[in-house]
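Take these sequences, add in the hints, and give me the full structure.
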Amino acid sequence: MSNRPIKVIIAKPGLDGHDRGAKVLARGLRDEGFEVIYTGLRQTPAMVVSAALQEDADVVGLSILSGAHMTLLPRICAGLREEGLDDVLVTAGGIIPDADIPALQEAGINRVFGPGTTIREVAEYIRGNVRQREE
Amino acid sequence: MTGPAERGEALARQAREGDRRALARLLTEVENGTPAAEAALRLLYPLAGEGHFVGVTGAPGSGKSTLVAALVGEARTTGRAVAVLAVDPSSPITGGAILGDRVRMQAHAGDRDVFIRSVASRGHAGGLATTTVAAAAVLDASGFPLIFVETVGTGQSEVEVAAIADTTVVVQAPEMGDEVQAIKAGLLEVADIVVVNKGDRPGADRAAAQLRGMLTVGAQHDRAAGDRPRPKRPQVMLASALTGAGVAELLSALDRREEARGRQPATELDRSRLARADAQLTGIMTQRLAERLRGSEHAAERSEALRQIAAHETDPYTAADRLLDLLGGTTRG
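Listed in order, the protein sequences are those of chains H and G.
Going by the working numbering, the first sequence opens with residue 1, and the numbers climb by one from there.
Going by the working numbering, the second sequence opens with residue 1, and the numbers climb by one from there.
Think of the hints as simulated: they come from the structure by calculation, not from any bench.
Predicted, not measured: the structure shown is a model, and the values here were computed from it.
Be aware that one or more of the hints could be misleading.
Said to hold, decoys possible - Residues from chain G shown here face chain H by an in silico Cβ test under 8 Å; the list is partial: (1) L27; (2) P89; (3) S91; (4) T94; (5) A97; (6) Q106; (7) A109; (8) F115; (9) A120.
Quick reminder that beta carbons are idealized off the backbone N, C-alpha and C, glycines included.
Right under this line is the structure:
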């Protein structure tokens, strides 16, 4: 049934300490009816993968401002694939130069959201692209 | 093409073999109350019952998640697999939720014998207790001998979940208020163990002493109470999840309770297990009844009953009895 809550993990991989954006997004997605698992700052790729596995998340949303996205995000995508979680929708946001987006998409990030993206846009993208569960 | 029952049974088998992804998927089925979950639980419930189900509750900010994380770390030093079900509230307006307990529990990410699952309280059909107890049974049958269920100590269904665990731990911060707070009815009454957390803070010793004083008052009346329901006489402990002080002692106290329960003859199942059985049976029957009532077969009678009650043409009790008769059950003894 499509009216079951969609589970979204919001994680901040790497070492930057600015999580206002991630928290605002988490809160906004809550108001859009999502179940948001907020994992907090300084997540290693292993922590993100482990959370996605145990929570049976539909979506993993990664917020990164530190500039380490080309290192960390492909590692998370690879980790998810290793655990057989290839049907999880992976999105990223924060400060990511446009020039890096094709390589990130190649690595397995489904969508990169830039500054100025509204919560509604994120919610609509997730609803339109999330995996369908078997009945 | 396989049906939901086959899928549920397959997930149950894989979860028992140690497949964590299958376990996670099965827990989603349980949360959603699907036919696959039911099929899995028919297999798994008889295989569960050995694990120690510990409810942890307390006011927001009392340090439950940090304390549970510290207990998980302590239990891992003895090699036991540990599971955590961390319940947070759902919005009654949008159905959304922020599940934030993992923030304090990330130390064990690489350890496959620690399984942490966030649970949104939702408006669960049959009650939060039914779903949570079913999830705990799945974890128990999948090889987790120690299962913590953490719930916020506000809201009746959240407190009920912790209260029907084998052992109920109520976490208090030192700044809980005066002695009168300790003798008010409510949260503290369901505790087997009261932990004054943040024991590193000033005033923690005094808070523990006050609680000990007030919660043991009246113990001598218990013998004279006869068949009246007796309040629990909880053990009061001091701990600091931050420094780790008192955590090993708390785990030992939990283990001693579990050992004592293991020595009881099977005929003397303790009250918490019977209360848990009651919550499950009542929850499932309520859910089944609601489903049958909402089924298309009785749609006309149901909407007619609703109309009559709304128009005050009949009273709701008469209408309920009439519908129950229709469903094949009688209510009047």
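Hint check results:
1. L27: Since the shortest Cβ distance to chain H is 7 Å, the answer is holds.
2. P89: For G:P89, the interface hint is violated, since the closest Cβ of chain H sits about 11 Å away, which is over 8 Å.
3. S91: Since the shortest Cβ distance to chain H is 7 Å, the answer is holds.
4. T94: holds (5 Å)
5. A97: holds (5 Å)
6. Q106: With a minimum Cβ separation of about 5 Å from chain H (threshold 8 Å), the hint on G:Q106 holds.
7. A109: holds (4 Å)
8. F115: holds (6 Å)
9. A120: Holds, about 5 Å.
Checked against the numbered hints given earlier, this structure breaks only hint 2.
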